[in-house]
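Based on the provided sequences and hints, a complete structural model is requested.
Protein chains: 2
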Amino acid sequence: MSARSQGGPLRGIRVLDATGVIVGPTATLMLAEQGADVIKVEPPEGDMMRRLGGRAPANAPGMAPKFLHFNRNKRSIVLDLKTPAGQAVMRRLAATSDVFISNMRARALVSLGLDAASMAALNRRMIHCTISGFASGGPYDGAPAYDTIIQGLSGVADCFRRQAGEPRFAPFVLTDHIVGIIAAQAICAALVGRGTDGPGQAIEVPMFENAAAFVLSEHLGQRTYGPGGSFGDPRIMTPDARPLPTRDGYICVSANTDAQARGFFDAIGRPELKADPRFGSVAARLENVADYFRLRAEAMMARTTEEWLPLLRQHDVPAMRAHTLDSLLDDPQLRGSGTLVEEEDMQIGEEPMLGLRHANRYSGSGTAPPRLAPRLDEHAEEILSELGFSAEERAGLRNAGVMS
Amino acid sequence: MSARSQGGPLRGIRVLDATGVIVGPTATLMLAEQGADVIKVEPPEGDMMRRLGGRAPANAPGMAPKFLHFNRNKRSIVLDLKTPAGQAVMRRLAATSDVFISNMRARALVSLGLDAASMAALNRRMIHCTISGFASGGPYDGAPAYDTIIQGLSGVADCFRRQAGEPRFAPFVLTDHIVGIIAAQAICAALVGRGTDGPGQAIEVPMFENAAAFVLSEHLGQRTYGPGGSFGDPRIMTPDARPLPTRDGYICVSANTDAQARGFFDAIGRPELKADPRFGSVAARLENVADYFRLRAEAMMARTTEEWLPLLRQHDVPAMRAHTLDSLLDDPQLRGSGTLVEEEDMQIGEEPMLGLRHANRYSGSGTAPPRLAPRLDEHAEEILSELGFSAEERAGLRNAGVMS
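Line order of the protein sequences matches chains P and F.
Take any residue in the first sequence, count from 1 to its spot, add 83: that is its number in our numbering.
Take any residue in the second sequence, count from 1 to its spot, add 83: that is its number in our numbering.
FYI, nobody ran anything at the bench for these hints, they're computed from the structure.
Note that the coordinates shown come from a computational prediction; the quantities given were computed from them, not determined experimentally.
One or more hints might be untrue.
[What the hints assert, rightly or not] Among the chain P residues that face chain F by a calculated CB cut under 8 angstroms, a handful are:
#1 PRO167
#2 GLY221
#3 LEU236
#4 ALA273
#5 ALA324
#6 ALA405
[Claimed, not checked] Far from chain F, by Cβ distances over 10 angstroms, these chain P residues were calculated:
#7 LYS165
#8 ARG188
#9 ALA218
#10 PRO227
#11 SER237
#12 ASP241
#13 TYR308
#14 ARG361
#15 ALA373
#16 ARG386
#17 GLU389
[Stated by the list, open to error] Distance windows between CB atoms, simulated:
#18 P/ASP399 - F/ALA189: 31 to 41 angstroms
#19 F/GLU434 - P/ASP399: 40 to 50 angstroms
#20 P/ASP280 - F/PRO282: 47 to 57 angstroms
#21 P/ASP374 - F/GLU249: 14 to 24 angstroms
#22 F/THR387 - P/ARG386: 26 to 36 angstroms
#23 P/ASP413 - F/THR387: 46 to 56 angstroms
We treat Cβ as the ideally placed atom computed from N, Cα and C, and that holds for glycine.
Right under this line is the structure:
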């Protein structure tokens with residue numbers, strides 16, 4: 084077996100996942116691809132992303148593309164947590180799990196018996212992770228949190244205003260996606276911390292505070308040292324920092340060191356600029372950043388991207404094309420590394436399907452063997468059997484409406 | 084001692100950190116705040132971010148703001164890895180560390196004896212993490228990778244084009260920052276995987292592949308199912324998805340469910356729109372997304388943000404102000420949660436200094452007690468003493484130019 088399929092570093096860890104949409108599924112996707120057994124507990128109607136994540140193929144209802152890409156390698160069971168029987172199955176799952184993750188509010192967790200104290204009573208080893216909108220105890224505690232609301236409140240939108248004139252959202256569910264990764268990291272840190280026989284603990288991962296820290300760590304800038312200082316990094320906040328149009332597309336050039344700047348002037352056939360005091364040092368180019376960026380932009384229009392790339396490389400100036408999403412799909416590095424693949428064994432539509440894979444490599448453990456995101460309730464029978472429910476009991480649960 | 088200062092879940096883990104600038108320091112910042120002993124090995128001139136991360140106060144050279152915010156809770160030692168004596172100290176550090184992290188290229192690691200095989204020979208438990216630009220073995224292997232180049236190549240910039248007409252970079256070192264978090268997560272997963280007596284392993288965290296997977300997981304969309312499908316989520320890609328101007332600022336409103344849409348129409352005094360078939364369901368609003376967003380934008384101009392917030396809350400419509408970076412600094416939730424603090428014991432400039440803290444909470448382990456980012460070489464003496472170097476040997480290393 085190759086390292087890539089030896090199971091992953093989290094093999095043997097079970098994650099009970101009561102999250103939906105993006106932030107929680109991002110966290111559990113990472114854990115699942117690293118080999119954790121992620122049991123996705125869905126309400127009878129399924130994770131909302133099954134319907135809102137785009138159009139599913141006719142032969143695979145609920146398998147919307149965004150659902151697929153955030154839920155690979157997980158198992159699905161439907162449990163109606165509004166019923167006592169559903170809660171009882173949940174508790175039995177909790178007793179055998181290492182991690183419980185949800186983005187329910189505190190009150191809802193308590194009413195379902197899924198709060199940290201109840202879980203710890205069932206299983207002292209449990210890492211109980213709550214992804215919240217806002218850290219508990221603060222004035223916004225319990226307020227609804229959606230990605231765009233967090234982008235606005237945390238200063239993400241204002242950074243766009245500073246860069247380009249008006250507040251905008253990033254073209255991603257940026258804070259959901261980032262905070263999901265942060266949650267996966269915190270969970271693994273807590274798994275390290277409990278060791279082989281220590282108790283688990285409760286973790287709270289607040290979206291707003293994490294997003295604001297993300298923004299401010301980059302852009303607190305001179306404001307760090309007092310009210311007189313200015314925010315932000317001028318090389319990032321200028322509207323001139325952008326992919327540069329060439330004759331046929333866009334290119335990204337990074338010429339920040341003195342050697343790169345000199346190489347750039349040679350590459351564009353303007354060697355005299357190497358003696359220009361405006362561009363002679365990092366400090367000088369920062370001072371004249373608008374001039375420097377404008378000069379770069381004007382120069383790039385003279386050739387095609389394919390012409391520029393070897394020329395810039397020859398002068399040791401880092402540069403790469405700016406892909407469109409279309410051209411990205413054909414990128415030889417992305418395909419060659421196996422991060423973007425044509426699914427062969429996991430076809431669900433009528434045409435060849437594109438799938439993504441965990442991008443990191445682990446020399447010893449590899450990652451989990453790839454599995455398609457689950458159909459709703461796909462693994463109910465096997466999960467309940469593993470928990471020791473008899474065929475009769477399983478049928479009873481189904482009849483009781485606990486499961487779909 | 085409160086949970087917040089009981090040391091963190093990674094207490095007892097030592098991280099040997101040979102990274103600089105943003106991506107690596109982002110990873111080790113998370114580990115440091117979770118209690119790991121992060122030893123930051125700097126070249127004699129220091130981490131480049133000490134100079135490029137903004138202006139340092141006159142009394143604290145090298146303490147540029149961006150350096151400060153990405154290097155809290157770490158210890159610093161200067162080692163000249165070009166010298167055999169510097170390499171020897173490095174090997175002694177490696178023998179006592181759980182994690183080694185760098186973003187050097189493979190060839191440089193081998194030449195310094197810091198490659199995974201050499202490290203494993205010194206310390207079989209070592210988690211050896213390399214953050215690379217591009218997964219090794221592919222056509223871009225070893226090409227220089229900077230954040231903007233990765234943003235362009237991975238499709239981040241093209242998502243801006245799809246949203247707003249031209250390719251742009253995010254106003255963040257977005258891929259550095261995200262991939263740093265991903266690296267911290269992978270390291271902790273590997274620490275879980277080695278258990279109490281298993282061997283470590285080598286991890287590769289490639290920036291491009293991770294960034295492309297980030298983009299495509301959100302925006303592969305219907306293209307997942309074949310060449311005929313379109314990319315992206317139209318609710319995110321539309322230029323109309325943005326913070327909405329009010330009479331005095333900007334507000335973010337999330338009215339996606341039917342109940343929220345109806346509440347919104349009531350809040351703006353247009354209850355008749357509740358019967359408008361264009362807006363009667365999630366599918367209808369998606370179909371008429373431009374109309375829906377325009378209507379929302381027009382309505383918000385009628386009042387101030389402070390007037391809208393309680394009115395929208397009253398109708399159960401999620402909404403929050405879009406902060407400017409200035410107003411964010413006064414946010415009562417951010418301050419109240421202790422994520423943004425006035426530093427009291429760690430003043431280095433002349434005015435009150437602002438600091439950031441790890442945003443997550445850990446009920447059992449807490450986080451590491453806060454410490455300012457280190458001055459260059461601040462901890463050399465104590466680190467070498469811990470390694471068993473005598474006072475004489477330490478002086479010898481200093482004279483040999485190994486340390487600053």
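Hints and how they fare:
1. Given hint, P/PRO167 at the interface with chain F, is violated; its Cβ is 27 angstroms from that chain's nearest Cβ, farther than 8 angstroms.
2. At its closest, the beta carbon of P/GLY221 sits 4 angstroms from a beta carbon of chain F; the interface hint therefore holds under the 8 angstroms criterion.
3. Restraint check, P/LEU236 versus chain F: the minimum CB separation of about 5 angstroms is within 8 angstroms; hint holds.
4. For P/ALA273, the interface hint holds, the least distance from its beta-carbon to any beta-carbon of chain F being 5 angstroms, beneath 8 angstroms.
5. Because the beta carbon of P/ALA324 sits about 6 angstroms from the nearest beta carbon in chain F, less than 8 angstroms, this interface hint is met.
6. Of the supplied interface hints, the one on P/ALA405 holds, with its beta-carbon coming within about 4 angstroms of a beta-carbon of chain F, less than 8 angstroms.
7. Every Cβ of chain F is farther than 10 angstroms from the Cβ of P/LYS165; the closest lies at roughly 18 angstroms, confirming the non-interface assignment.
8. For P/ARG188, the shortest C-beta to C-beta distance to chain F comes to about 13 angstroms, beyond the 10 angstroms cut-off, and the non-interface label holds.
9. The Cβ of P/ALA218 does not lie farther than 10 angstroms from every Cβ of chain F; its closest approach is about 4 angstroms, which violates its non-interface assignment.
10. Distance check for P/PRO227 against chain F: the nearest CB is about 4 angstroms away, which does not clear 10 angstroms, and the non-interface claim fails.
11. For P/SER237, the non-interface assignment is contradicted: its Cβ lies about 7 angstroms from the closest Cβ of chain F, within the 10 angstroms cut-off.
12. For P/ASP241, the shortest C-beta to C-beta distance to chain F comes to about 5 angstroms, within the 10 angstroms cut-off, and the non-interface label is violated.
13. For P/TYR308, the non-interface assignment is contradicted: its Cβ lies about 4 angstroms from the closest Cβ of chain F, within the 10 angstroms cut-off.
14. With a minimum CB-CB distance of about 18 angstroms to chain F, P/ARG361 clears the 10 angstroms threshold, and the non-interface call stands.
15. Even its closest Cβ contact with chain F, about 16 angstroms, leaves P/ALA373 beyond 10 angstroms, as expected for a residue assigned away from the interface.
16. With 10 angstroms as the threshold on Cβ separation, the claim that P/ARG386 sits away from chain F holds: the shortest Cβ distance comes to roughly 17 angstroms.
17. For P/GLU389, the shortest C-beta to C-beta distance to chain F comes to about 15 angstroms, beyond the 10 angstroms cut-off, and the non-interface label holds.
18. Our hint of 31 to 41 angstroms for P/ASP399 and F/ALA189 is violated, since their Cβ atoms are close to 19 angstroms apart.
19. Taking 40 to 50 angstroms as the suggested C-beta distance range, the pair F/GLU434 and P/ASP399 conforms, at roughly 42 angstroms.
20. In this structure the supplied range 47 to 57 angstroms is violated for P/ASP280 paired with F/PRO282, their Cβ-Cβ distance being about 21 angstroms.
21. Between P/ASP374 and F/GLU249 the CB atoms are about 21 angstroms apart, so this pair conforms to the stated range of 14 to 24 angstroms.
22. Separation of F/THR387 from P/ARG386 is about 52 angstroms and departs from the stated range, judged on CB atoms against 26 to 36 angstroms.
23. A beta carbon spacing of about 50 angstroms between P/ASP413 and F/THR387 agrees with the range 46 to 56 angstroms that was offered as a hint.
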